[in-house]
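Line by line, the protein sequences give chains B and X. Each residue of the first sequence is one higher than the one before, counting from 444 in the working numbering. Each residue of the second sequence is one higher than the one before, counting from 359 in the working numbering.
None of these hints come from the bench; they were simulated from the model. Treat the hints with caution; some may be incorrect.
[Unchecked claim] Straight-line alpha carbon distances no greater than 27 Å define the calculated BS3-like cross-link-like pairs of lysine-lysine that follow:
| hint | chain 1 | residue 1 | chain 2 | residue 2 |
| --- | --- | --- | --- | --- |
| 1 | X | K445 | X | K360 |
| 2 | B | K761 | B | K744 |
| 3 | X | K445 | X | K377 |
| 4 | B | K675 | X | K445 |
| 5 | B | K500 | B | K661 |
| 6 | X | K415 | B | K468 |
| 7 | B | K761 | B | K589 |
| 8 | B | K468 | X | K377 |
| 9 | B | K572 | B | K715 |
| 10 | X | K377 | X | K395 |
| 11 | X | K407 | X | K377 |
| 12 | B | K468 | X | K407 |
| 13 | X | K377 | B | K675 |
| 14 | B | K572 | B | K744 |
| 15 | B | K471 | X | K395 |
| 16 | B | K715 | B | K468 |
| 17 | B | K661 | B | K611 |
| 18 | X | K445 | B | K468 |
| 19 | X | K391 | B | K468 |
| 20 | X | K377 | B | K556 |
| 21 | X | K415 | B | K471 |
| 22 | X | K395 | X | K445 |
| 23 | X | K360 | B | K675 |
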Amino acid sequence: MEGETAKPAKGRVCTICNQRRAALKRPKTLEQICRECFYAVFEQEIHGVIVENQLFKPGERVAIGASGGKDSTVLAYVLSELNRRHNYGLDLFLLSVDEGITGYRDDSLETVKRNEIQYGLPLKVVSYKELYGWTMDEIVKLIGLKNNCTFCGVFRRQALDRGAALLKVDKLVTGHNADDIAETVLLNILRGDIARLSRCTSITTGEDGPIPRCKPFKYTYEKEIFTYAYFKRLDYFSTECIYSPNAYRGFAREFIKDLERIRPRAILDIIKSGEDFRISTSTKMPEQGNCERCGYISSQKWCKACVLLEGLNRGLPKLGIGRSRGVNNEPGKNTKQAKGVESIQSKQCGNLDF
Amino acid sequence: MKLTLEFGGGLELLCDSVKIHHVSVEPQDGEQKLTMKHLLSWVRTNLIKERPEMFMKGDSVRPGVLVLVNDCDWELSGQLDTSLEDKDVVVFISTLHGG
Ligand SMILES: [Zn+2]
Ligand SMILES: [Zn+2]
Ligand SMILES: [Zn+2]
Numbered sequence: 444m445e446g447e448t449a450k451p452a453k454g455r456v457c458t459i460c461n462q463r464r465a466a467l468k469r470p471k472t473l474e475q476i477c478r479e480c481f482y483a484v485f486e487q488e489i490h491g492v493i494v495e496n497q498l499f500k501p502g503e504r505v506a507i508g509a510s511g512g513k514d515s516t517v518l519a520y521v522l523s524e525l526n527r528r529h530n531y532g533l534d535l536f537l538l539s540v541d542e543g544i545t546g547y548r549d550d551s552l553e554t555v556k557r558n559e560i561q562y563g564l565p566l567k568v569v570s571y572k573e574l575y576g577w578t579m580d581e582i583v584k585l586i587g588l589k590n591n592c593t594f595c596g597v598f599r600r601q602a603l604d605r606g607a608a609l610l611k612v613d614k615l616v617t618g619h620n621a622d623d624i625a626e627t628v629l630l631n632i633l634r635g636d637i638a639r640l641s642r643c644t645s646i647t648t649g650e651d652g653p654i655p656r657c658k659p660f661k662y663t664y665e666k667e668i669f670t671y672a673y674f675k676r677l678d679y680f681s682t683e684c685i686y687s688p689n690a691y692r693g694f695a696r697e698f699i700k701d702l703e704r705i706r707p708r709a710i711l712d713i714i715k716s717g718e719d720f721r722i723s724t725s726t727k728m729p730e731q732g733n734c735e736r737c738g739y740i741s742s743q744k745w746c747k748a749c750v751l752l753e754g755l756n757r758g759l760p761k762l763g764i765g766r767s768r769g770v771n772n773e774p775g776k777n778t779k780q781a782k783g784v785e786s787i788q789s790k791q792c793g794n795l796d797f
Numbered sequence: 359m360k361l362t363l364e365f366g367g368g369l370e371l372l373c374d375s376v377k378i379h380h381v382s383v384e385p386q387d388g389e390q391k392l393t394m395k396h397l398l399s400w401v402r403t404n405l406i407k408e409r410p411e412m413f414m415k416g417d418s419v420r421p422g423v424l425v426l427v428n429d430c431d432w433e434l435s436g437q438l439d440t441s442l443e444d445k446d447v448v449v450f451i452s453t454l455h456g457g
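Excised from the complex, chain B in its bound form (with noise of 0.2 Å):
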C-alpha cells in the first residue's frame, strides 16, 4: 500500500524529521515535509482546533455529515482516530442524506456504506424522498435544471437535521474546509451579505438551533485534505454532481485557487477578513420562530422547505425561489428576510458535501 509507488527516495530532506524525503509543500507554511510527519502536523492541528475551540465535551454523540467526498470521509477518519488518540469519549455517527440522484447519489452511498465499516461508525441514512415525498430526479424532472440547487440546499439542511434528531446527537459536524469558508466569505460580499458574513467563519453554529453544527476542518487546506485522502489511500467518491453546480459558486472557487496558487496564505486571511466583520452588528437577523406547518425552526410563518414543498406540490415550483409571493408574504412582514436560507449553504450544490 503506502510507498510502493515510490521510486527511490530523490530530492528534500523532510524539514521537521531531518530524515525521509519531503512529499509536500505545506500551503499555510510552505514547511517541505515527509509523508510521516505531514500526517502528524495534520491530525495535531484539527485536535488542536478541537481543543481549543471546545467543540465537543466528553459523552457526546455526534453525528458526521458524510457524503462519501473526500472532505467528510477524511473528517470521519481523523475524527475517529483523534477521539481514540485523545480519549474525547464521543460516540460518533455517520449521517448521510440520499437526495435520490441517481448515478450520483446512490453510487456516493456505497462509498459511505464502505466507510461504515472501515471505520466502524453506525450509519443512518435519511432521503428526500421519506422526508419530502420527492426525490431530486422527480424535482429536476419537474423544474428543469436551473433553480435546482435552491431546493437540494434547503432541503439537504434540514434533513440533515431530522437525521441528527432521529440519531438524538447533540452535534453535527461537517466537512468544510478552509477553500470552502474563504469561498463562502467572497460569496457573501458579493452578495452584500454583511450579517453572513461573519457568521459564515464561525467554527459552531446554530446553538440556537436543535443541533450545533460545527467545522473541525476550518483551518484545514483543500490541498492537504486530498493530499492525505490520497497519501493514505482512502475510500472516498469524487464525481461531480449530475444536477451542475452553480457557475457564481464557481467562479468564486477558481478565483480562490488562482489567489492561493500566487500566495496561499490568501486563504487564511480571507478568513479572517470574514471574522474581522464581526463588528457590523447593525444589520438584524431574523428572529427565529418555528415553522407552523412542520416545527422547523424558521424566521417566517413556513420554513423554507415547507414553501418549496407547498410549490412542488400545488404544481408552482417557483414558489419559494427567489421574490416569490407565497404564503410568507404576508403584510407586515420583512420580506427581505426570506432570502436568507440559501446563502447558508457554503458549498455549493455541485459537490453535495455539506
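Dock chain X with the ligands against chain B, hints included.
Then chain X with the ligands, alone, in the frame of chain B:
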C-alpha cells in the same frame, strides 16, 4: 520512456473515464530530458478528450489540480521544470470537482 499517469478527482472524466494510463512519451525534439512541461502538452494532445480547460490553464495545470510525481508534490521538484525518468508515476487530482 514509459510512464504511468493517474487521473483523479473527476479529471478521469476528461479522458474517457479511464483513471490509469500506461503511456510512452519521448522528450521533445532536440531535448535530452522529458520535463513536466512537455508531458502536460503531450497529455493535452493525446489523452484529454474534452474540456481541456478543466485540466490546463496556460501551459500549466489549472490552479486547484494537485500534481504528484512518484508520490511527491511537484511543488518540491520544480513544477513544470521537473524532469521525468523511465517508470515514473505522475498523478493528477482535481480539487475543483466535488468533495
Ligand atoms: Zn519528516
Ligand atoms: Zn444541486
Ligand atoms: Zn416547515
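Take a quick look at whether B:K468 and X:K377 sit within 27 Å of each other, Cα to Cα. Judged against 27 Å, a Cα distance of about 25 Å means the pair holds.
Against the 27 Å threshold, does the CA-CA distance of X:K407 and X:K377 hold or violate the hint? Holds - the C-alpha atoms of X:K377 and X:K407 are around 13 Å apart, at most 27 Å.
Pairwise hint evaluation, B:K715 against B:K572, where the allowed Cα distance is 27 Å at most: 40 Å, violated
Is the straight-line distance between the alpha-carbon of B:K715 and that of B:K468 27 Å or less? 22 Å, holds
Within 27 Å, alpha carbon to alpha carbon, are X:K445 and B:K468? 24 Å, holds
Below or equal to 27 Å on CA atoms is what counts here, so check X:K445 against X:K360. Between X:K445 and X:K360 the Cα gap is close to 5 Å, so the pair holds against 27 Å.
Is B:K661 within 27 Å of B:K611, Cα to Cα? 25 Å, holds
Taking only the CA atoms, is the gap from X:K395 to X:K445 under or equal to 27 Å? 17 Å, holds
Would the pair B:K761 and B:K589 pass a check requiring their Cα atoms to be no farther apart than 27 Å? Holds: B:K761 and B:K589 sit about 10 Å apart, inside 27 Å.
With the threshold set at 27 Å, check whether the alpha-carbon distance from X:K377 to B:K556 stays at or below it. 23 Å, holds
Are X:K415 and B:K468 close enough, with their CA atoms no more than 27 Å apart? 21 Å, holds
Given the proposed pairing of B:K500 with B:K661, does the C-alpha separation stay at or below 27 Å? With a Cα-Cα distance of about 19 Å, the restraint between B:K500 and B:K661 holds, given a limit of 27 Å.
In summary, the structure is inconsistent with hints 9 and 12 from the numbered list given earlier, while agreeing with the others.
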